[in-house]
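Asks: For the sequence shown, my numbering gives the first residue as 264, with consecutive numbering after it.
Keep in mind that the hints were calculated from the coordinates and are not lab data.
Be a bit skeptical, because a hint or two may be false.
Here are the simulated DSS-like cross-link-like pairs (lysine-lysine), alpha carbons at most 30 Å apart as the crow flies [to be verified]:
1. Lys395 x Lys406
2. Lys349 x Lys360
3. Lys295 x Lys404
4. Lys309 x Lys395
5. Lys406 x Lys349
6. Lys349 x Lys395
7. Lys404 x Lys309
8. Lys404 x Lys353
9. Lys353 x Lys295
10. Lys360 x Lys404
11. Lys353 x Lys395
12. Lys349 x Lys404
13. Lys349 x Lys309
14. Lys406 x Lys360
15. Lys349 x Lys295
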Amino acid sequence: CFVSNSENGQVQEMIETNKEKEQNYQMLLFSKNTGLSIEYDEDNNKFQFHQLSVCHSVAQLNGYAYVRINDVILFFGGYDYSTNLKSVHKYSIRENKWITFENTLPSPLCYCVAILNEEDNHIHIIGGEDDKEITVSTHIKTKVRLWDHSLLVMIYAFIYFDET
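Can you make the complete structure from the sequences, with help from the hints?
Replies: Set out below in structure tokens:
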């Protein structure tokens, strides 16, 4: 997972210091058990790295979908090197805190993608592989506002591809 750490979804964030404008790019990286906040100062060509906590169950995942919404990153499904999972996790950027939701995807899914619609009110989780490693044409639609209440409302359809 590699995302911008700016509130408006843009990679660039301007910071004013002593009436000079400095360009700083702030990003977050999660890979296995490593979590990093990365800041790049373009004017001085310098990087700064800060460690972030990583949820134990997320550290074991590969092939999950993720989407950033304001102050949180949502992680959907994934593969833990033995099983495709239905799990859903939330990382709060401001609090550096992880939550694992009780509600999950309707079925195990990995190697899918998650995108936010233009109005920022729905997440679409598309494609992937099921728990039998069969490529599926999945479309899961969930309301963003419901995540604050740990609820997941979905419309989904599974269409299996016949690989013969």
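Asks: Compare the structure with each hint and give your call.
Replies: Evaluation of the provided hints:
A hinted pair counts as satisfied when its Cα atoms are at most 30 Å apart, and lysine 395 with lysine 406 qualifies at roughly 28 Å. At roughly 21 Å between alpha-carbon atoms, lysine 349 and lysine 360 fall within 30 Å of each other, so this suggested pair holds. A C-alpha spacing of about 27 Å is found between lysine 295 and lysine 404, which places the hinted pair at or below 30 Å, so the restraint holds. A threshold of 30 Å between alpha carbons decides the hint, and for lysine 309 with lysine 395 the separation of about 46 Å lies outside it, so the pair is violated.
At most 30 Å may separate the alpha-carbon atoms for a hinted pair to count; lysine 406 and lysine 349 meet this at roughly 18 Å. Restraint check for lysine 349 and lysine 395: the C-alpha separation of about 13 Å stays at or below 30 Å, so the hint holds. With a C-alpha separation of about 40 Å, the suggested pair lysine 404 and lysine 309 falls outside the 30 Å cut-off, and the hint is violated. Between lysine 404 and lysine 353, the direct Cα distance comes to roughly 17 Å. Compliance with the 30 Å bound is thereby established for this hinted pair.
Under the criterion of a C-alpha separation no larger than 30 Å, the hint pairing lysine 353 with lysine 295 is consistent with the structure, at around 16 Å. At roughly 25 Å between alpha-carbon atoms, lysine 360 and lysine 404 fall within 30 Å of each other, so this suggested pair holds. Restraint check: the Cα-Cα separation between lysine 353 and lysine 395 comes to about 26 Å, which is no more than 30 Å; the hinted pair holds. The suggested pairing of lysine 349 with lysine 404 holds, with an alpha-carbon distance near 15 Å, which does not exceed 30 Å.
For the hint linking lysine 349 to lysine 309, the alpha-carbon distance of about 40 Å lies beyond 30 Å, and the restraint is violated. About 22 Å separates the Cα atoms of lysine 406 and lysine 360, which keeps this hinted pair within 30 Å; it holds. A threshold of 30 Å between alpha carbons decides the hint, and for lysine 349 with lysine 295 the separation of about 18 Å falls inside it, so the pair holds.
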